[in-house]
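Since chain A is already given, all that's left is putting chains B and C on it; use the hints.
Line order of the protein sequences matches chains A, B and C.
Quick note on our numbering: the first sequence kicks off at 4 and runs consecutively.
Quick note on our numbering: the second sequence kicks off at 29 and runs consecutively.
Quick note on our numbering: the third sequence kicks off at 6 and runs consecutively.
Derived from the structure by calculation, the hints contain no laboratory data.
Values in this document were obtained by computation on a predicted structure and should not be read as measured data.
Even for Gly, the Cβ is constructed at its ideal location relative to N, Cα and C.
Stretch by stretch, here's where chain C covers chain A in the computed footprint (C-beta under 8 Å, at least three residues):
(1) 32-40
(2) 295-302
(3) 307-313
No farther apart than 27 Å at their CA atoms in a straight line, the calculated lysine-lysine pairs in the DSS-like style are these:
(4) A/294 x C/286
(5) A/396 x C/427
(6) A/306 x C/351
(7) C/12 x C/90
(8) C/354 x C/441
(9) A/306 x C/354
(10) B/172 x A/396
(11) C/90 x C/17
(12) A/294 x C/427
(13) A/294 x C/441
(14) A/111 x B/172
(15) A/306 x A/396
(16) C/427 x A/306
(17) A/306 x C/375
(18) A/294 x A/306
(19) C/17 x C/39
(20) C/12 x C/88
(21) C/271 x C/441
(22) C/375 x A/396
(23) C/38 x C/88
(24) C/293 x C/351
(25) C/351 x C/441
(26) C/295 x A/294
(27) C/375 x A/111
(28) C/295 x C/351
(29) A/111 x A/396
(30) A/111 x C/427
(31) C/351 x C/286
(32) C/375 x A/294
(33) A/294 x C/351
(34) C/293 x A/294
(35) C/258 x C/427
(36) C/88 x C/39
(37) C/354 x A/294
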Amino acid sequence: MTWWMWIIVALVVMGGIAWAMRAVGQMATGNAPAFRDMPFGVAYGYVIGVAFLAVVVWAYLQSMSAETAVANKFYFVGRAVEGVIMFSIAAYLFRMLGRAVGTYWTRKMFRSMPLTAAFGILVMLIYAFVAIFAGLLAPYGQAEILPFANIVPGGNPALGGDPNHIMGTDQIGRDILSRLIYGAQNTVGIAFVTTLLAFFIGSSLGFLAATLGGWLDQLLSRTVDVLMAIPSLIFALLLMTIASVWAPQLGIPLTYFMVLIIAVIDSTRVFRLARAVGANIVVMDYIEAAKLRGEGLGYLVFKEILPNATAPLLAEFGLRFCFVFLTIAALSFLGVGIQPPLADWGTMVRDSAAFINYAAFAPTAALPPLLAAGAIALLTVGVNFVVDWMLQKTSGLKE
Amino acid sequence: MDTVLRIILQRLALGLVTLLVVSIVIFVAVNLLPGDFAELILGQGSTPEAVASIRRDLGLDQPMVARYFQWLSGMVTGDLGTSFAQLNFQTNLGGAGGVTVIEQIAPRFSNTLFLAGVTAMIAVPISLILGVLAALYRNSAFDKATNIFTLSSVSSPEFFMAYLLILFLAVLNPILPSLSNIYDGMAFSDRLNKSLLPALTLTLVVMAQMMRMTRAAIINLLASPYIEMARLKGISPIRVIVRHALPNALAPIITVIALNLAYLITGVVVVEVVFVYPGIGQLFVDSVKIRDIPVVQACCLIFAAAYILLNLTADILAIISNPRLRHPK
Amino acid sequence: MTDQLLKIRGLKIEGRSDETWNPIINGVDLDLKKGEVLGLIGESGAGKSTIGLAAMGFTRDGVRISEGSVVFDGVDLVTASAKVKRGLLGKRIAYVAQSAAASFNPAHRIIDQHTEAPTQHHVMSRAESTADGIELYRKLRLPDPENIGFRYPHQVSGGQLQRAMTAMAMSCRPDLIIFDEPTTALDVTTQIEVLAAIREIVEEYDTAAIYITHDLAVVAQMADTIKVLLRGDEVEEADTRTMLSAPTQDYTKSLWAVRSFERPRKPAVVSGAVPVVSVRKIQASYGKIKVLHDVSFDIHAGRTVAVVGESGSGKSTVARCITGLLPPSVGEIAFDGDVLPGDYRKRPKDQLRQAQMIYQMADTALNPRKTIGQIIGRPVQFYTGLTGSDRRRRVDELLNQIELEPSEYFNRLPSELSGGQKQRIGIARALAAEPKFIICDEVTSALDQLVAEGILRLLADLQDKLGLSYMFITHDLATVRAIADEVVVMKEGRVVEQGEKTAMFLPPHHAYTDLLLSSVPEMDPDWLDNLLTERGIDNIGDAAVDKM
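This is chain A alone, in the form it adopts within the complex (with noise of 0.2 Å):
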């Protein structure tokens, strides 16, 4: 237990070097108000943020080394900092694309944007195009069997790879790349349809709750309450149990019982918002106007109520797709989501998992589940970024 004991001498030598930094600055300014009012906390993450960039620039260093033993170390390293820097050049520059070709609107957008809500656009849209053309882009069918199971990723042949098969292929012979390409289609498709089911469900639901009040708001409201006090996932579990008696007997797939067991699930939580900002929008003067101008609920609904709902609506949708994108994917993890033939990130990632342990001698055969829980983790995050910045446009101007 000696490496935490290392941490700590490193925190208190930093600590050691800010101090010093702080009081240089200070002599050698002449007392400037940057140094003479910087709090020594301050001083102290300037040090941090300097040491860590330079822990990063070393290790991408090492990932260089001629050393076989030391390369494969920092391999994953080297890789993760080329993605961040290839993923920010990439934000970048679609960014400038953004801000110069388009709408006035489109434009605008753009030039507010933050660099980190423009790589959530970028990687939506790339995920978007592999959906569509998953059937192009994958050089095999997704269910199709080859004659050669287990190659190990990588395509070398010397360490029994196959350069025709640049990520192997698994233990029944399909290629993994055509597989992850595919999980594009599947685990994306899946759970934006299922967002839009739990959408339809909640927001009709919620706004009648907020328009017409009374008893139907009651008891929707009670009803959500109750479905909410039970934690998504083990309710998902749950269902997904019950559901897989049910399936084999009535003949519909299993999979179309999750789509709408997550979807009712997750309809609680849009009912909920739909019914705060419904509820919000209601008590307005312009509704209130509208009312006793003699106007019908289905003008009120429509044309009043929901073209200002859009916004955060929007944003709630960002959120629970990504919501829904990992219950399924931690469903498929278990074993209880997406069924095979269909390929699928989160089964992948367990059917592959064992790789992570020759990732020290070996690390591209380790590549396989890492790229597909990245694949998972890398969409959510995009669009989160995106959704953060559009709430913070929304409601930041004060901050």
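For chains B and C alone, coordinates are given in the frame of chain A:
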């Protein structure tokens, strides 16, 4: 104090009612199963006599309402029924009676509590400190970096975090064990060592959310006029935080902690599976796969009860720490 | 200049929006001598509060001082270290905020917050400061001064809190106090007490003060000199009497002129004429709480009835009863002699059309997602059935009536309009229904004075042209004086007094009307003195409040 007491009693009653309704929902959901438990246990090709005998043993020949109350009273007294899997096993061997659900769940439950406890010990202090720092130095490079970091980790699936940690801390740098094979009678330090990687994974998952919520609560608080007033009275920054911000930050911070501990409950399932940690989450998933209904039912109720309890605690603590309610007009 | 206390030179302040810094204050100078009270006045967005805080060397988040100096007693607060500034704040410069309820920490007793500055700055011990606080509370005429400090802020009323905050500002006997709109959130009758208390204590300790407000009449009572600001620039500065009697700048003159707007008197109502709206002995309640008790009044064709009262008097509830949002439990409302159904949902379209409403907050009264053309066009189409180019023509006509250029505004969204313009759109939407009767709910209270006057003049013109009847709900007696023909005074859900305006503004009044009328500050620097003498100094404050 009267009003506070009344509100707290109301909340408690509400929590109890919710738990009751949730138990009904779980019971009814399970009873939506097609056919019969008995057939499910014995599988196809079982003799009608065997089915009838199991039905009698399990009380399946009684009406649903009666069975619900039986189940509920069992739950309250700690008799969670008999596991199907064990029952099946025993029946096939011709033995009498099976292992009860409680015998299966009890040790696992304490393991899970241990894991959650370790996670909370790491996650709560770190995320509160980082959250407050991010709020104090908002819009700085530190704030932006933590924002990106927390957004990323909050939106990554738990198993991604878990495998990344395994990759870096177990495979590439063998510091911690990647398998959490915990058993009774283990030395505490060993136990801690083996639980550390799953606890760190959960920490990453929970910490991000907790930090973001703490940051938002503190920013909200620091924007209030009385903080500006305190600063305009020439009071030192530390005193402003300790005396003016902290008493009012208690309620939101308690809420943040409780909500995230409640979130741990969901996170624990996946993480236990990844690390093969013998907790209630893994038991739950295994039971789901083999359709061991009594265990699924019991686990589900335990998870829901813990979730409701934590939310209730948050509610009540927030009420107690609200000066307006503590000192009514 | 040995008694110079504060010297601000070339102060420029910027605020951040998105990534750019925009100027808020463009180079203001300010001088303050010891014991002098300076009034800073201006409309919203003039930068008064920003200057007030900058005088303490303080800026809010997202705001920065870009240039200039703020020298307080020889120390430049712009460049001074945080530590030096902390030593001055609270001890020698104190601050009184607009909202006392929000500026007291809810977690601590009032007296503990009072003693904080003296003990932290080592001016007094805790016990001394507590005793001194009680003494100050007594001087500020807070009820039960011995014990009020030991209560929590939410247990004390707004007007009392505002005085407790003044006491807190006084706790170290500072040389300078910044008052940032201390009475804006208070009702008129409460405002008087706070004003009198503040002025007395500032005089007693010979404290210099900067008094920030948008209310000219208030500043006239408080300040020795007045500085007028407009969008971050100084317009002019002079001593109070000169400024009131002989302003030199056009902007100042126009501000002063607002107060003099008054409509010519209309002929009396012909006896026996059927009133447009007749409220007959209505009672109403929210849940179990009864909020209206036997309210009756008539509104005749072409006339304006002002319903006056402080917050909680039930004046808005009357409007809700008339529109049918809250059906009265007892009594009835007649329109042109016909009794209306209590619930608006039971009223035929034509009855709904006849009575329209204009709201206080134009921001929430206009759907932010609809263009001006859609907002006005909808009632046109809904009530008259006009579509296409006919509808467009009618909308253009209405826009012309409210003095906005149709081609320019038709496609705009409400967010692209100023507050006054939005209120005009609200008027046009009401006119689109071609009503006989319009309820105006505090229509000018959210607007700056100049803009408010424009709205009042527009409403008066429209009344003359279209023969409309108005019900004006307001708490502002200046508005009543400007536009009303008849006045209904309400208090706690009852009509206290009602009659012709001219009669109402002459004595004898009902005691409450009298209090209300006399509490409205006037543009005379001696007004507060006279009033206090008249009421008897000792009587002011609690006595007046407790009666209510």
